[in-house]
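Please model the complete structure; the sequences and the hints are all you need to start from.
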Amino acid sequence: MAGYSQFGRSEDTLCCFESLRQEGLYPNTVTYISALNACASLKAIDVGKKIHGEVVSRGLLGMDPTLGSTLVYMYCKCGELAKAQELFEELPARDVVSWTVLIMECCENNHGEKALGYFDRMRCEGFSPDEVALLCVLKVCGSIGAVEKGDEVYVEIARKNLIGKLSILSSALVDMYAKCHALAKAQEVFDMLPSQDVSSWTALISGYCQIGQHDVVLQTFSKMILRGPEPNVITFMVVLSACGILGLVHEGQIYYHVMSSYYGIIPISQHHTCMVNLFGREGQLEKAMAMLEKIPPSERLPACFALLNSCKNLKSMKIARFVFKNAIDLDAM
1 MAGYSQFGRS EDTLCCFESL RQEGLYPNTV TYISALNACA SLKAIDVGKK
51 IHGEVVSRGL LGMDPTLGST LVYMYCKCGE LAKAQELFEE LPARDVVSWT
101 VLIMECCENN HGEKALGYFD RMRCEGFSPD EVALLCVLKV CGSIGAVEKG
151 DEVYVEIARK NLIGKLSILS SALVDMYAKC HALAKAQEVF DMLPSQDVSS
201 WTALISGYCQ IGQHDVVLQT FSKMILRGPE PNVITFMVVL SACGILGLVH
251 EGQIYYHVMS SYYGIIPISQ HHTCMVNLFG REGQLEKAMA MLEKIPPSER
301 LPACFALLNS CKNLKSMKIA RFVFKNAIDL DAM
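In my numbering, the protein residues as written are 1 to 333.
Check the hints yourself; a few may be wrong.
[As the list claims (entries may be wrong)] Restraint-style ranges between C-beta atoms, simulated for each label pair: (1) Gly247 to Ser222: 13 to 23 angstroms; (2) Ile268 to Val30: 39 to 49 angstroms; (3) Leu301 to Ser222: 29 to 39 angstroms; (4) Ser19 to Val258: 53 to 63 angstroms; (5) Glu23 to Arg121: 40 to 50 angstroms; (6) Tyr26 to Asn232: 49 to 59 angstroms; (7) Ile225 to Leu42: 40 to 50 angstroms; (8) Asp197 to His257: 21 to 31 angstroms; (9) Ile268 to Phe322: 20 to 30 angstroms.
I should point out that these hints are in silico values taken from the structure, not numbers from a laboratory. By construction, the Cβ of each residue, glycine as well, lies at the ideal position given by its N, Cα and C atoms.
Dropping the structure here:
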């Protein structure tokens with residue numbers, strides 16, 4: 001069973017588990033953990049509940065914290081977050097994994113305040129958050145603007161001497177401060193990193209864009225080109241957006257071109273929409289229309305609205321009527 005579970009063969013894992021019980025054998029905690037992970041993968045909540053009942057009736061729940069955390073994980077993955085929280089409170093013994101699972105699920109289900117609450121309780125009860133918990137809490141702090149809590153996480157990461165050692169955590173720190181509009185702090189953390197990857201560069205560039213410092217966006221992007229890693233799809237979205245706001249048609253066209261010709265990035269709808277906005281703002285409506293045609297119809301509405309706004313400002317009723325009809329047709333699809 002452990003072998004099936006390890007290689008993701010969840011259905012085989014549960015078949016093996018059922019065969020074991022039919023033969024009158026009693027599963028041990030390792031067997032239950034494999035079966036519960038399979039239930040989580042398959043979202044087999046009914047089977048998971050039966051296993052839960054069996055574990056409780058045999059008095060195994062307090063014997064191995066991993067079994068308890070796996071049950072919490074199973075309920076979370078089956079969409080039963082309330083049940084997972086209820087079970088968590090009843091566990092006779094908790095481990096870092098059970099805390100982290102709940103924090104992660106609250107984060108993924110947009111229950112940011114609950115995630116922060118579990119994080120605080122976890123530390124109060126003497127557990128040291130692992131990298132996954134820290135990453136989730138940073139994400140929550142960025143999404144709700146909880147910069148003070150983000151500062152606490154920063155201290156925790158520094159205390160564990162993880163800054164620069166785990167690139168995903170370092171980038172998340174920069175991203176959190178950027179989303180909280182604390183760009184001085186984001187820049188400070190960024191400058192401390194021994195090596196800056198594309199995620200940290202993009203997080204910093206996005207942060208400057210969010211607070212309206214579009215000239216700094218392009219300055220930072222230029223530094224990235226000179227000494228950093230290759231930009232990615234998201235980096236170019238931010239840069240093209242900044243060009244549109246600053247009215248830099250020539251520069252925007254160059255970035256749009258080198259994105260595919262030099263970096264091998266195939267433009268997606270968001271890039272085309274940025275270019276529609278750029279051309280429209282500068283009165284180049286024919287070019288904006290040509291760019292609009294490159295966007296798949298199902299993804300065209302945002303670009304239509306951007307172009308309609310440009311037509312309104314330029315009093316171009318002919319193109320506005322065409323784009324409006326296009327938008328109505330798309331909305332009816």
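Hint check:
1. Here the CB-CB span from glycine 247 to serine 222 is close to 18 angstroms, well matched to the stated 13 to 23 angstroms.
2. Distance hint check: the CB atoms of isoleucine 268 and valine 30 are about 45 angstroms apart, consistent with the given range 39 to 49 angstroms.
3. For leucine 301 and serine 222, the Cβ-Cβ distance of about 33 angstroms falls inside the hinted range of 29 to 39 angstroms, so the restraint holds.
4. A beta carbon spacing of about 59 angstroms between serine 19 and valine 258 agrees with the range 53 to 63 angstroms that was offered as a hint.
5. One distance hint, 40 to 50 angstroms for the beta-carbon pair glutamate 23 and arginine 121, holds here, with the actual separation near 43 angstroms.
6. In this structure, tyrosine 26 and asparagine 232 meet the distance hint of 49 to 59 angstroms, their C-beta atoms being roughly 52 angstroms apart.
7. Between isoleucine 225 and leucine 42 the beta carbons are some 46 angstroms apart, a value that agrees with the proposed interval 40 to 50 angstroms.
8. Between aspartate 197 and histidine 257 the CB atoms are about 25 angstroms apart, so this pair conforms to the stated range of 21 to 31 angstroms.
9. Between isoleucine 268 and phenylalanine 322 the beta carbons are some 24 angstroms apart, a value that agrees with the proposed interval 20 to 30 angstroms.
Of the hints listed earlier, there is not a single one the structure fails to meet.
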